[in-house]
Structures are given as structure tokens and as C-alpha cells.
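Chain residues, written in single-letter form:
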Amino acid sequence: MSARKCLLSVLGVFMGLLATLIAATETRAGETIILQSTTSTQNSGLLDYLLPKFTRKTGIAVKVVAVGTGQALKNAARGDGDVVLVHARALEDAFMRAGFGALRRDVMYNDFVIVCPEDDPAGIKGLKDAAVALRKIAETKTRFVSRGDDSGTHKKEMELWRAARIDPRKESGSWYLEAGRGMGATLNMAAAMGACTLTDRATWIAHNNRGDLTIVVEGDARLFNPYGVILVNPKRHPHVKEKAARAFIDWLTGPEGQRLIAAYRMKGRQLFFPMRLKRDKSVGHESNARK
Amino acid sequence: MHLDADVLEVVGLSLEVSLSAVLIAAIIGMPAGAALALWRFRGRQPVVVLITALMGLPPVLLGLIVYLMLSRSGPLGVLGLLYTPAAMIIAQTLLVLPIVVALSQRVIAGMWEEYAELMQSLNVRGWRLIATMLYEARFALMTVGLAAFGRAIAEVGAVMIVGGNINHATRVMTTAIALETSRGNLALAVALGVVLLLLALVVNAGVHIIARISGEKDMVSA
Numbered sequence: 030m031s032a033r034k035c036l037l038s039v040l041g042v043f044m045g046l047l048a049t050l051i052a053a054t055e056t057r058a059g060e061t062i063i064l065q066s067t068t069s070t071q072n073s074g075l076l077d078y079l080l081p082k083f084t085r086k087t088g089i090a091v092k093v094v095a096v097g098t099g100q101a102l103k104n105a106a107r108g109d110g111d112v113v114l115v116h117a118r119a120l121e122d123a124f125m126r127a128g129f130g131a132l133r134r135d136v137m138y139n140d141f142v143i144v145c146p147e148d149d150p151a152g153i154k155g156l157k158d159a160a161v162a163l164r165k166i167a168e169t170k171t172r173f174v175s176r177g178d179d180s181g182t183h184k185k186e187m188e189l190w191r192a193a194r195i196d197p198r199k200e201s202g203s204w205y206l207e208a209g210r211g212m213g214a215t216l217n218m219a220a221a222m223g224a225c226t227l228t229d230r231a232t233w234i235a236h237n238n239r240g241d242l243t244i245v246v247e248g249d250a251r252l253f254n255p256y257g258v259i260l261v262n263p264k265r266h267p268h269v270k271e272k273a274a275r276a277f278i279d280w281l282t283g284p285e286g287q288r289l290i291a292a293y294r295m296k297g298r299q300l301f302f303p304m305r306l307k308r309d310k311s312v313g314h315e316s317n318a319r320k
Numbered sequence: 007m008h009l010d011a012d013v014l015e016v017v018g019l020s021l022e023v024s025l026s027a028v029l030i031a032a033i034i035g036m037p038a039g040a041a042l043a044l045w046r047f048r049g050r051q052p053v054v055v056l057i058t059a060l061m062g063l064p065p066v067l068l069g070l071i072v073y074l075m076l077s078r079s080g081p082l083g084v085l086g087l088l089y090t091p092a093a094m095i096i097a098q099t100l101l102v103l104p105i106v107v108a109l110s111q112r113v114i115a116g117m118w119e120e121y122a123e124l125m126q127s128l129n130v131r132g133w134r135l136i137a138t139m140l141y142e143a144r145f146a147l148m149t150v151g152l153a154a155f156g157r158a159i160a161e162v163g164a165v166m167i168v169g170g171n172i173n174h175a176t177r178v179m180t181t182a183i184a185l186e187t188s189r190g191n192l193a194l195a196v197a198l199g200v201v202l203l204l205l206a207l208v209v210n211a212g213v214h215i216i217a218r219i220s221g222e223k224d225m226v227s228a
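Protein sequences appear in the order of chains A and B.
Mapping of the first sequence onto the numbering used here: position 66 corresponds to residue 95, and the numbering continues sequentially without gaps.
Mapping of the second sequence onto the numbering used here: position 39 corresponds to residue 45, and the numbering continues sequentially without gaps.
Just so you know, nobody snuck in bad clues.
Looking from chain B toward chain A, a few residues come up when the C-beta cut is under 7 Å (computed):
(1) L88
(2) G170
(3) S188
I should point out that these hints are in silico values taken from the structure, not numbers from a laboratory.
Note that the Cβ used here is the ideal one computed from N, Cα and C, for glycine as well.
Bound conformation, chain B alone (with noise of 0.2 Å):
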């Protein structure tokens, strides 16, 4: 591998597979965790406990489904999308949408003591409660988003057997360090893993960066 074009593309798989897996599982997930804590339904409590235990859904058995799932052989072997990006979209969305609801739920809920008093009395509720307490709760959840990037960046289990780590079509940070380090090229590989972390750290700033700014503009406005 070439420490400069290869390591771009690389880099730019990551993150168009890591982030598009947080957005779709961000736009599932974050609904969901909120009825969870607003709505009240039968089987709710096991629904809570069920979702937080497949937080720790390991990566590699979740590819390995996947895998099986859009394998030529198959139930939806037809779309052939075995070894391409949306195969790993797809692995990271269900790998990250369990922390994205658990999160959600916890958020929501921790906010709701405060809101309660006033959603009742403006008589808000069903969906609308849904997308108020959610938009409300905006800031708090771009942390869960960041756990759930954070989770989808690392992880090489899932991408690896979905992906193929195919040059030029599938390989990112995480494979491509596991490659380097197979070669026994240890250097570049810890180089690739400085890479990844610096991602990582961009991308939270970034996010810390932009909360703090529409928060002290809400501030002013209010």
C-alpha cells in the first residue's frame, strides 16, 4: 500500500461506510429508543432488555449472518450486493442500531421528568411527542451518534467477511490495517492505526465543535 492516494480512498470508504451506517441507523434508531421511553406498551421491558444485550453483539457474528443473508445462496442472494459498500453499510447499520436505541431511550427518558409536566398540559403525545422530545434532546443525542461512529469506525469483524476487504472497492481503515499487519508490514499498519485515530478525534471535535455553537446561538434566540 501507498502512503498517499491508496491511504485517501481508504480512508474515504471508512468514513463513507461508518457514517452513512450511523445516519440510517440514527434515523431507525433514535424514534424507536424515544417511543421506548415514551410510549407505554405491552412487552416494553423486554423489548429494553433484549436491545441492550445485543449492544454487545459481537462484529464478526453479526457479519457472518449478513453474510449468509446475501450470499448468492442466499435468501437475498439475487441483489448481489455481497462485497460491496452496502453490504458493510448494511452489517455496521445493525451493528450500531442496537446503541443507537439503547442510547436514545436512555436520553429520552432521563429528559422526560423535566418535560413531562409541560407535554401533558399542551396535550402532546404519539408521534408528535415522538419528534418534539427528539428535537429537544438533539444535542445530547449527537454523543449517542458519536458512540455509535465510534463503534462503526473500530470494528473490523463485520466489514472484513461482508466486504471482502477488496482493494480499491471494500478495503478500510480497520481491514487494511489487519492486511498490512498479515504482511508483516507492522510499521505501516500502526501507521494506518494513527490514521484511524486521528479520524476519530477529528470527527469528534467536529461534532463537539457544532454543538457548542448551536447551542450558544438557541442561547441568544431564547
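In isolation and in its complexed conformation, chain A is listed as follows (with noise of 0.2 Å):
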């Protein structure tokens, strides 16, 4: 094969290579949004449960990207996506304010615990009062994970510590560890270190490498834990597929959506509950001592 063939045929097959990959990022046929969503919706097999029946039913499909309610926000803000679904009331009203979201309904709930290793080394445990117990946490220098993520369950854990009169970044490195990680990521590193976490009940029940981790602290009022829905500003971004974004939303927080959330089921468990077929409003009202 002389120089200039081989050229050539390099040339040819690099051309067959932009066509696919144009033919690749063409959509196909139906509609596609993307939903910035939190790593415990994923993780706890929620949207897997959920997204299908959706498309099924509209032919729009969603495409998740899983990422901690600050980044899913910000990226959302940045117009890289249709939807949000996160939790953390604080920041998403301020996205609202902040004209980057077009409208925000809540969605569903659970709650947040607080799990250690099962001999307690804090001596929290049953406590009811969750700021009492990271102040005991931190009083004992037991070693405890942070997300450290700017996530929803990160952004909970430092009003937890507020709460306490705590600072716990003054000891980050010593008793107090910001992992940076999902929560599923943060689950595994207390876990191989008999430390003590802040986790969403349901990525916790999902979650399959706990060791001997316990709930310790769980049904404080403040571990209260909403999940929003938020329409992009197609004002602000106009490449927003308004019509199928507001069909999902729409969808999600209709009867269809929240009679599915009710019944999602992992491992026996109830793990969120819709917030729009109003039923029992209390949290922690489902015992989930490890048996």
C-alpha cells in the first residue's frame, strides 16, 4: 500500500466516524429532557423505578443526571438541563428568587437519621433531640463523615451543627472528615471506619455495605426531609423543553406519580412518600431499628 492509499483509506474511515458520530447525536424519535436530580433518588432506585413508566406513558424520555442538590442546581442554573428534582428548601427558593426556575412544586418526603456503629461510641443513641446529639458526637470526638458536598443532606447536617452551637470544621481532619462524596460514597467510608454519618432514610435502607452502622437518632422534627420539583426558566434558557418538562412535573406530582411513589418498595421498605396524597404528615413514624 503506497503512502497516499493508506492516507486515503485513513481519510475514509475517519468520515464514516463523523457520520456516526453526528447520527449519534442526533435524538431519537420522541422527545428527551434531562433531570438534574440528587444522588439518593438514584441510589435508592427511586427514578429507575419511576422514569420508565413515564415514558412508557408519554414517550418523553428522561435522562438523569445524578449529582448533590447544590451541583444539580447550579448546573440547572447554567441551563444544562430541563428539570430539577432536590431537596433542600433553602436553596432552591433561592434559585427561584434568583429567576432561574420557572416554577417549584414539592414532591414527596422522608427523613434523615443519624447511624453509627452499633456499640455507640457516642452514647446518642435513642437520643430525640439531633442537635444534642452531634454535640455529643462532638464532645466525645467520635469520628463522624460530612458529605462536605454542598448537597441537600450536607446542607441539613451545618444546620444540625448550627443548631448545636457547633463548628465542626475547626476539627475537619481530626474527629470531624468531609468525604466531598454522595451519600452512598460517605455510607461506605463510615462504614470501613466506624464512624458515625448524617444519611437520608432512603439511601440508607438502599444501601448494601452498611458493616455493623445503626440508626442511633432518628424522628427529630428537624430531620425532616422535602423533596422539590423545579421547572428551568425557559425564559432565562430558552432551549428548555417547556412542553415535555411541564408533562413530567406534571406527571410526578399528579396522582399517577405520587401513587407510584407511595409504592415503590425496596427491600420491603417505604422509602418516600408523596407529599400531594396527603395521608400521615409525621416523620420517623416508620420504625427502622435494624433488626
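Hints given; two lone chains; assemble the complex.
Below is the structure:
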């Protein structure tokens, strides 16, 4: 083969590749929206359960990018998403105030729990006050793994430290460890090093590598964990697929989506409680002591 | 994740993304590497140093840069490429390009000592010299491609950011392993890792076999 022939064939391959590339980027039949969501909704399997049912009904495919709440909102603010499903009310409100969102609705809730090794090194088992429990963790210098990633869970944790009037970041690197990772990865770390952490109940139940961690604190009203869905503002980002995104929000907060959320079970347990099928509003009503 | 169709899909996308990236990087990077080895021009040495340094570029940093480019608020946002396989191919192409250029340059420079006299006597220069030398070095360049493929297929930081690890869309082996690890499904994560390893093994063995068969044919015809 001459050098010229070689070059020609290489060029041919290149053109073919370019064609496949372009074909791959074109969306297949039917509309697709991007949902910026949190690791808890993905790691718990909820979205894998809900979204195919929505797609079957409407023909709209939903692509999920699962990151922390803080990052999800930042990505959406840049226009990299059509819908946001997150859990940090203060951040959501700020997002709406800044004009990045066109519509926000409550979707569902569950609660946060504090998990520690079985032998309860901080002596907080059964406490009903989450702030008191955190203060005892600080006093006993029990290792605590923080998400440290501006996620909804991290925001909640910082709120609880403030209520306990403790700034754990002063101790960062000693007993207080900022992982900067998702909920599942943080649980892996806590299990591996015998540390305590704050987790949402859905990820906790779904997680398969808990080591000897167990729930020690639950039921504090401050541990309430509501999720909201937001339509990214089409006025700000004209490429947002408003119609499809609204259809998704209506479905998720409508009777069908809400019933499915309530019906979702993992290991025989309900993980999320729909906000718009009003029934029992108390948190931690479903006792989760590890059997 | 189910260990059947889903895994095949993920394996397929991994191969598609990484092989495309390596192919594009080879088409751009091998001639560039040869040019760096064969042409004498001002600023050649600083370019070589820069490209060698870029071989160590952290994938997550590159991913972030590509994300900022392709984001709807970025300069290339109108293309709508973020969270698509195309974005992942772009990121991995940029990731392996310095490797392809630097290693190709070394391969061609090494061969030049052998070929310099012949090429000069035949008065082969410029683009033709590059094409000829690339052809002569084709088997050594396969190893360059393999090194690039190894880096691309094993990389998680860049594809996670620009692809988004979207199920049935942009989930590849490495991001699937990261996800299953974060779900605490460590056994499944390790199983996926073994599949990834086998994949790399098969591709490597395949290239070696091709190189060997073609090498033998060349010797027969020579």
C-alpha cells in the first residue's frame, strides 16, 4: 500500500466516524428531557422505577444526571437541564428568587437519620434531639463523616451543627471528616472506618454495604427531608423543553406519579412518601431499628 | 443493574467512546507527532516539552474544561452536546491526544536514524516524508494506539462530568463501577471491573495478533 493510499483509507475511516458521531448525537425518535437530580433518588432506585413508567405513557424519555443538590442547581442555572428534583428548600427558594426556575412544586418527603457503629461510641442511641446528639459526637470526638459537598444532606447537617452551636469545620481532619462525595460513597467510608454520619433514610435502606452501622437517632422534626421539583426557566434558557418538562412535573406531582412514589418498595420498605396524597405527615413514623 | 443486556450496552458504549477517541486522536496526533520528529522549525522543543507535560493531565480537570465549553452557558453550548456520547468522545480525544503525539514523536524519531539516509537520497520530504514514515512505523504505532486506548477506557473523571453517567445514554464501564460502588453493591462493582479488565485484554491481544499476522505477510512478500 502506498503512502497515498494509506492516507486515503484513513480519511475514509475518519469520514465514516464523523457520520456515526453526528448520527449518535441526534436524538432518537421522541422527546428527551434532562433531569438534574440528587444521588439519593438514584442510589435508592426510585428514578429507575418511576421513569420507565412515565416514558411508556408519554413517549418522553428522561435522562438523569445524579449529583448533589448544590451541583444539580448550579448545573440547571447554567441551563444544563430541563427539570430539577432536589432536597434543600433554602437553596431551592434562592434558585427561584434568582429567576432560574419557572415553577416549583413539593413532590415527596422522607427523613434523615444519624447512623453510628453498633457499639454507639458517642452514647447517643435513642436520643430524640438531633442537635444534642451532634454535640455529644463532638464532645466525645467520635469520628463523623460529612458529605462536605453542598448537597441537600450536607446543608441539613450544617443546619444541625448550627443548632448545636458547634463549628465542626474547626476539627476538620481530626474526628470530623469532610468526604466531598455522594451519600453512598460516604456511607461506604463511615462503614469502613467505624464512624457516624447523617444520611437520608432512602439511601440508607437501599445501601448494601453498611458494615456494623445502625440508626441511633431518628424522629426529630428537624430531620424532615422534603423533595421539590423545579422547571428550569425557559425565559432564561430558551432551549428548555418546556412542554415535555411540564408534562413530567404534572405527572410526578399528579395522582399517578404520587401513587407510584408511595408504592415503591426497597427490601420491603417504603422509601419516599408523596407530598400531594395527604395522609400521615409525621416523620420517622416508620421505625427503622435494624433487625 | 442487571448483569445481561444492561452490561452489554455499557460495554458497547465504553468501546464506542474510547475507540472513537483513540481513532480521532490517532488521525490528528500521529501526523503531528511525526512532524515534531521530522521537521525542524522554531519553537519545536518547547512544544515537545508542553505536550509531554500534558500527558499527565488529570482527566477530571479536562472533563471540567470540556464541560464549561459544552455547557449551555458555554461558548459551544448551542451545539447541545453536553451529556451525549459525542461530548465523551471529545473529552477522551483531548485526553489521549498528548499521549499519541508524544509517543508517536518518540517512535518516529527513533526510526529516523535508520531511515534518514534513504529518505534524503530519495529526496522525500515535507508531507510525503511524514506519510512514508508513518507507514513504515505502523506496527510500532499500534502500541501507541494501545497506550492511548488503555488510558481512555480506564478513565472515569472526564466522562462522568461531560457524560453525566445517564442510564441507557452515557453510562460506561467506569462510571457504572463508580455508581455501583456508591450504592454499596461492591460485588457487582468488582464484577464490572473484571469485565473491563477482560475487555482491555481482548483488545490488546487482538492488536498484537493483527500486528503479528501482517508482519509475517510483509516478510513473505519482501
